[in-house]
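There are 2 protein chains.
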Amino acid sequence: MPHSLFDKHRATLDAAVDAIRCRGYWAAYSEMPSPKVYGETAMDDGKRAFDGYLGQQFALEQPGQTGWTGSERSPYGFALHVNYPLCDAQALIAAALKAMNGWQKMGAEGRTGICLEILERLNKKSFELAHAVMMTTGQGWMMAFQAGAPHAQDRALEAVAYAWREQSFVPNEVTWEKPQGKNPPLRMKKHFKIVGRGVALVIGCGTFPTWNTYPGLFAALATGNPVIVKPHPNAILPVAMTVRIIREVLTENGIDANLVSLAAYDDPQATRELAQHASVRSIDFTGSNAFGDWLIANCRQAQVYAELAGVNNIVIDSTDAYKAMLRNLAFTLSLYSGQMCTTSQALFVPAAGIETDAGHKSFDDLAGDLAGAIDALLGKPEVALAVLGAVQSEDTLRRIETASSGSLGRVIRATKQIEHPDFPDAQVRTPVLLASESDDPAWRLECFGPVSFLVRVADTATAIALSERIVSEHGALTVGVYSTSAATIEAMTEATWRSKVALSINLTGAVFVNQSSAFSDYHGTGGNPAANASYADAAFVANRFRVVQRRYHL
Amino acid sequence: MPHSLFDKHRATLDAAVDAIRCRGYWAAYSEMPSPKVYGETAMDDGKRAFDGYLGQQFALEQPGQTGWTGSERSPYGFALHVNYPLCDAQALIAAALKAMNGWQKMGAEGRTGICLEILERLNKKSFELAHAVMMTTGQGWMMAFQAGAPHAQDRALEAVAYAWREQSFVPNEVTWEKPQGKNPPLRMKKHFKIVGRGVALVIGCGTFPTWNTYPGLFAALATGNPVIVKPHPNAILPVAMTVRIIREVLTENGIDANLVSLAAYDDPQATRELAQHASVRSIDFTGSNAFGDWLIANCRQAQVYAELAGVNNIVIDSTDAYKAMLRNLAFTLSLYSGQMCTTSQALFVPAAGIETDAGHKSFDDLAGDLAGAIDALLGKPEVALAVLGAVQSEDTLRRIETASSGSLGRVIRATKQIEHPDFPDAQVRTPVLLASESDDPAWRLECFGPVSFLVRVADTATAIALSERIVSEHGALTVGVYSTSAATIEAMTEATWRSKVALSINLTGAVFVNQSSAFSDYHGTGGNPAANASYADAAFVANRFRVVQRRYHL
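Line order of the protein sequences matches chains A and B.
Positions -12 to 541 (the numbering used here) are the ones given, in order, by the first sequence.
Positions -12 to 541 (the numbering used here) are the ones given, in order, by the second sequence.
Hint data in this document are derived by calculation from the structure and do not stem from the laboratory.
Please note: incorrect hints may appear among the correct ones.
Unchecked claim - Straight-line alpha carbon distances no greater than 35 angstroms define the calculated DSBU-like cross-link-like pairs of lysine-lysine that follow: (1) 310(B) / 165(A); (2) 34(B) / -5(B); (3) 176(A) / 367(B).
Here the structure is a predicted model, which is why all the values come from computation and not from measurement.
Can you build the whole structure from these sequences, using the hints too?
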């Protein structure tokens, strides 16, 4: 009974709606992989469940299956040997449209209740999802658990909360009664039906297969749309597990499971054809500018929500906590080997150096000290392995190599390969730090991975102007500023209003510029080239459904 | 003081937000041109004010003025001889961006208060606006007053109410406090700034220069954007009056008047260049598919909200109120000579005829009776002139001529020219009614103006399927159904959920399928080719602003 699920999860939903209104700290799903929360055997159960998938066919009983596909290779150095159903796009779409009707009839309450039940079910599978995320993306265990499971689930819930807020504002019906002076009023009955746009296509990325996929998936689902998920070819398993759990919960609640399906296409042409299908009415995409721009230009039948490349940057003007700043920056540049869409790529430093609580620091002092801070952070191999994870793609390995050659800038800190005791073939690399001049072209292009540029600029005002221009032209999800001057912080703040990017000011503690907290931080503004939408806000959900009215005299 | 205006209009705003939640009958501005509401001298004052504009320069003191323009010719048969400033687009944009800063700083409350003050001021000028609308569009007086003034103001207020609801949901700031077990919590201050997307371009149409312009104008303005309004070259005056009033209210409240400006370009190339300017970040457009499609394809730097052509239609299956149905249809087809984006163009009738309370009616019976009902409605010249108004464009006159030739279908009812006693050169025409077969191509293309097609279809099921297909492929803002069968109404209802179009059922009284009531009816669904947005809903406003956050440790 769908409405019983709505009632069951009502407290969670209300708290989530409250959270998106206040945007203070809140989370529905525990980020600590604690036995107290997830059960004493959760860790082992999750590992065993993950191992159980390896070398097997991952059956989903989807329509139009023509074969099996899958060639995931873990950044930790082994092949998963899992095979996934390969299904004809037209069959998936036809089945999705067929399933849409029952989903629409369920209404916003019914859909919201089922979405929340799905999330609870996903949460219970957090450990096996975390293993799947870790092994497909190369993330370290703790990040794979947190970002891959509870944080992704919270982002999904945030989208569901926004979707609920918008849908629940639309009345089901009303009696319209217009006074006519001394005559009887005109009276009509009006009904307002929420209908989804049509089939939603959600295209996942290789680094955050759940965190970046769930918001679009759940926003589309909650608003009445069937969803086809096209995972990255090297990060299928966490998505397939998610799709299976969704299909199970749908079936249990009398909804045709084909409402949500997996399209594990390896062939880009198959994805292009699916994206251009007339019935596909929304596309959520995280990935390269090349494909994102192609989607926007060529899939005009659909709303496209795209998160693309950017050049995140930080202006370093001055600080009263030099060591803490260096530690904070070192962690940001190192975490998951810089393979986050929020990792800082360019650090702007005035040519004359900066004033700090440890005295004046020249550009080269700062460069050396930052390199040292990274060395210190990654000094213990077990810490280094946990923080860095493994390098997700060959392309990133090549970028590390190119950066190391010195062709992109002077090498301040060279990369090092670290051996992983458990995974001898894992590709683990420490960050490359380069020194550049402000007119170098290299740092202005996204260089995804553990490659950062310390960019020498004339002065702080130039740095702020450069940050604004880079964000406006190339996009960014995050910028930062370190300064003891209120005027500088004010100028940087106003620059970010114009370039439309989130600003972190003087981060020296346990929060990092690359972190985005569900229910509080808007991930992306949707106002610069790095992303045309934000996770999650009203704009992320409001255009995913339409209101169709009917009216008649009473 | 902006916040004092917010307080002044708070009750109106609250009532408007309440209205968009309930969507029953509500209006802020009186639709009756009554001396009791608008003042004893309002009628004369309005006429005198309108006359005062004729033959004059309409100064606006905008930047970059290079000359004067304007060649409006009334459908009532005279030239207005009003000249408007012609301003360089780059100058308007630069001034708009400069003005944006102060507007943004005012915050959502300040902006909303000023928008409501503007609307109150516009309402007080309703009579002169109505004259300007009547004389530029050819609408009859009552429609020009209602749709041109209070109804347009209500649509604007509706957009402001949605904009307020979305903006006021975003908190200004929050203290984020994340528990850390036994350690002190992580604490951060976060600020959330609402920033407009950038310059909004609003492109008006020739038939409803205020009603179709105000929603986009006020949605963009309320959400923090500067607005440049490009009126239709033959309906500049009501827009110029609106822009002048807005600029006056802005100036009175310390906001740079160049936040809102008029770009009265006659040259389509000038409009194209303005629309493609990198700083133009949203475009609202009502008009032809040719230009609308061009905007969507070529102005990808902007969000485009477009209302385009459609083929509105009605399925006539059966009725228990035959005469009332005919009267209702006759009025719909005649009102403003069918020059409404909501006028029905195709009426689907089963080949075997229909059952009615007046007995069985064959296709030809119905055709003759509908023609007769139009004759009866327009029998008295003073009624005919009031209902029909004048034909707005040469193109529409040509379409009437083509239809009258019989080349688009068999002529059931021929058009007649009516002399206007006050305006001897007015172009007044009664509707053309044509009979077509379902496979005729002519009725499937929008034929804007007083030309309607009675289309013979195999049966009711075919009619419903045809309606769905036409809406899905060609678009529609309105469809209707007449039936005494609950199953037929249900089937039609479900068809409109798939094709995403508003449905009017068995209209036989004083509400017409072409009428859309602010705060209650969603004008357009945004889900079929006739419009990619609705006036007004959350999706119409939510993507016009972005949230830019900053955060720092506490």
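Verification of the hints:
no. : hint            : result
1   : 310(B) / 165(A) : holds, 24 angstroms
2   : 34(B) / -5(B)   : holds, 30 angstroms
3   : 176(A) / 367(B) : holds, 33 angstroms
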